[in-house]
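2 protein chains.
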Amino acid sequence: MNELIAIKVIAQMHCDFSTKFGIPRQSGLVKALKGTVVFAPEYRNPDAVRGLEGFSHIWLIWQFSEAVREGWSPMVRPPRMGGNTRMGVFATRSPFRPNAIGLSSVKLDRVEFSPTLGPVLHVSGADLMDGTPILDIKPYLPGVDSHPEAVGGFADQFQGYALEVDFPEELLRCIPENRREALMGVLAQDPRPSYQHDPERQYGLSFAGFDVRFRVRDGVLSVCEVVPLT
Amino acid sequence: MNELIAIKVIAQMHCDFSTKFGIPRQSGLVKALKGTVVFAPEYRNPDAVRGLEGFSHIWLIWQFSEAVREGWSPMVRPPRMGGNTRMGVFATRSPFRPNAIGLSSVKLDRVEFSPTLGPVLHVSGADLMDGTPILDIKPYLPGVDSHPEAVGGFADQFQGYALEVDFPEELLRCIPENRREALMGVLAQDPRPSYQHDPERQYGLSFAGFDVRFRVRDGVLSVCEVVPLT
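Protein chains in written order, with our numbering: chain A, 1 to 230; chain B, 231 to 460.
Treat the hints as calculated values from the structure; they're not laboratory data.
Honestly, I wouldn't trust all of these hints.
To be verified - Facing chain B, a subset of chain A residues (Cβ under 10 angstroms, in silico):
#1 GLU3
#2 PRO46
#3 MET75
#4 PRO79
#5 PRO98
#6 LEU135
#7 TYR140
#8 LEU171
#9 LEU172
#10 ILE175
Said to hold, decoys possible - Calculated lysine-lysine pairs in the DSSO-like style (CA-CA distance at most 27 angstroms, straight line):
#11 LYS238/B with LYS20/A
#12 LYS264/B with LYS8/A
#13 LYS238/B with LYS264/B
To be verified - Over the 12 angstroms line for every Cβ pair with chain B, so calculated as not near, a few chain A residues:
#14 LEU29
#15 ASN45
#16 SER56
#17 TRP59
#18 GLN63
#19 PRO74
#20 THR92
#21 SER104
#22 HIS147
#23 ASP190
#24 ASP211
#25 ASP218
#26 GLU225
Since the structure is predicted, the reported quantities are computational estimates derived from the model, not experimental observations.
All C-beta atoms, glycine included, are put in the ideal place defined by N, C-alpha and C.
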C-alpha cells in the first residue's frame, strides 16, 4: 500500500503574509484578515463556481508548501502547549504530517469575475501564506460540517488565548487603514515561537509590505518600529 | 502552474459498503453507520495518534478512488437537485472535481490498539466505501471548524430529506442485529440515482454481505428481498 496519488494545484492564495511568521495558527482566528483565491489558468472558468456565491463559508484544501519534508515523525510539539509536550501528529493540525495537506474554513466575502484572472474568491479569516498552492475548494455545508457539540481534546483549553497589543498611534498610522484591524488581530494571536520568552528579544513580522517590529513582556506585545519593506 | 503534488495513501477505510451504491451523500447523515480506519503498515505507530482519543470528531481527507477521471468538467449535476440542474463543481461536494479529494467529518467512537494492525480508529457516520484510500486524519476543532451560522447556499433546502422505509420484519431478521439501524438509515436516504423514478424498478444494495432488494413508490421504499452475497 505504498501508493502515490498525483494531485494538481488548482489555485493560489494571495494575501499579506510574505513569510510564515505571524500567520494565525488556525483559520478564523483573525476574521479581519483578507485574501483572494486566484485560479490557475486551466481553471479560470466562471461556470466552475456557479452557485458558490450562495455559501457564506468555504473549505480550502491546500498544501503546506513551506513545510514539505521527506519522511514523517509520529509526534509533534503543538506550539500552544508550550512547545515541550509531544502529541501524535494526527491529533494535531501541525504541518509536519505524512501528507503536507492543510484544511481551512474561511468566510467567502464575494466572488469577483475578473477579465484577466477569471473568478476570484475574496475570503477572510484565512491562515495561509501568500502563494500557497490550493488543491480543492468545497462549499461549507453547515448541516454536515458544523458540530458545535464536538469535544476538542487537549486543544480546547487554548481557545481565546490572546496578548494585549500596545501599538503606538504614530506607528499604527504607517499601516494602510484597511489593514490595521487585521494586523492588530495577528499580533494579539502571539506570533512568537512557543519556546521563546525573552522579553528583550525583538521580532519582525512581514505584513502588507511592512516589517512590524515588536517585543513581548508579561502578556503585552509592544510595537517598537514599523519599516516599509523594499 | 501545472504543478503536480505526490500524496501518499496513509490508511484505508473498512466498512459495509462494497460498492458505491447506497453510500450516504454526505458524512453524518446516517450516524449508526460504523467503520474502521486502518493505517498502512508504515503508519502503524501508536505514538502518531497520541491525544486523538480526547476528540469526539475527526476529519478524514480521502480519495474518491472510484471516481478518478481524466480531465474535469466545470459543472456537475447534484443528485439532490433532481439530476437536471447544473452547478459549478466547486459549489458542490461532487466527486467529479479536478482533484478527486473527499472531506468527511466523522464521529470517533474509540481508538483500538491492535497487535497486528496498530492503532485502529472506530468511527461512525462515514460516507466512504470499503477500501477507500485515506490521505490525512485531523482532529475536528469545534472552535475553528464549526460554523453553525453558516449559510449553505442551494444545498440548505435539501436538509432532512428522507424516504419512509417499509422493511418487513421477516426480511429484517436476515440482517445482523447490529447493522439494522444503519441499514434502515441508508435506505431512508434514498439510494436511487436522482434521475430514476420508475416505481416498478428493483434496486439492489450491497451492504454488510447482503444484497438488499427494494422498490420505491410515492416516497416509500419497500424492501422485497434480502439475499446473502456469496
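Hint-by-hint comparison with the structure:
Checking GLU3/A against chain B: minimum C-beta separation of about 4 angstroms stays under 10 angstroms; hint holds. Below 10 angstroms, beta-carbon pairs count as interface contacts, and PRO46/A has one with chain B at about 8 angstroms; its hint therefore holds. Below 10 angstroms, beta-carbon pairs count as interface contacts, and MET75/A has one with chain B at about 5 angstroms; its hint therefore holds. With a least beta-carbon distance of about 14 angstroms to chain B, the hint placing PRO79/A at the interface is violated under the 10 angstroms criterion.
Contact between PRO98/A and chain B, as hinted, is supported at the beta carbon level, the nearest pair being about 5 angstroms apart and thus within 10 angstroms. At its closest, the beta carbon of LEU135/A sits 5 angstroms from a beta carbon of chain B; the interface hint therefore holds under the 10 angstroms criterion. For TYR140/A, the interface hint holds, the least distance from its beta-carbon to any beta-carbon of chain B being 5 angstroms, beneath 10 angstroms. Checking LEU171/A against chain B by beta carbon gives a least distance of about 31 angstroms; that is not within 10 angstroms, so the hint is violated.
Below 10 angstroms, beta-carbon pairs count as interface contacts, and LEU172/A has none with chain B, the closest being about 28 angstroms; its hint is therefore violated. The beta carbon of ILE175/A comes no nearer than 26 angstroms to any beta carbon in chain B, farther than 10 angstroms, and the hint placing it at the interface is violated. For the given pair, LYS238/B sits about 25 angstroms from LYS20/A by alpha-carbon distance, which is consistent with the 27 angstroms threshold. Of the supplied pair hints, the one linking LYS264/B and LYS8/A is violated, its CA atoms being roughly 32 angstroms apart against a limit of 27 angstroms.
Distance restraint check for LYS238/B and LYS264/B: the Cα-Cα separation of roughly 25 angstroms lies within the 27 angstroms cut-off, and the hinted pair is therefore satisfied. Not every CB of chain B lies more than 12 angstroms from the CB of LEU29/A, the least distance being 8 angstroms, so the non-interface label is violated. For ASN45/A, the non-interface assignment is contradicted: its Cβ lies about 4 angstroms from the closest Cβ of chain B, within the 12 angstroms cut-off. For SER56/A, the condition that its CB be more than 12 angstroms from all CB atoms of chain B is violated, with the nearest at approximately 4 angstroms.
With a minimum CB-CB distance of about 6 angstroms to chain B, TRP59/A fails to clear the 12 angstroms threshold, and the non-interface call is violated. Some Cβ of chain B comes within 12 angstroms of the Cβ of GLN63/A; the nearest lies about 6 angstroms off, and the non-interface call is violated. The beta carbon of PRO74/A is not kept farther than 12 angstroms from every beta carbon of chain B, the shortest such distance being approximately 4 angstroms. The non-interface label for THR92/A is inconsistent with chain B: the shortest C-beta to C-beta separation is roughly 7 angstroms, within 12 angstroms.
The claim that SER104/A lies off the interface is violated: its Cβ sits roughly 9 angstroms from the closest Cβ of chain B, which falls inside the 12 angstroms cut-off. A Cβ of chain B approaches the Cβ of HIS147/A within 12 angstroms, the least distance being about 5 angstroms, so the stated non-interface status is violated. With a least CB separation of 16 angstroms from chain B, ASP190/A remains clear of the 12 angstroms interface cut-off, as annotated. The beta carbon of ASP211/A is kept farther than 12 angstroms from every beta carbon of chain B, the shortest such distance being approximately 29 angstroms.
The claim that ASP218/A is not at the interface with chain B holds, since no C-beta of that chain comes within 12 angstroms of its own (minimum 26 angstroms). With a cut of 12 angstroms on Cβ distances, GLU225/A stays outside the contact zone with chain B, its closest approach being about 32 angstroms.
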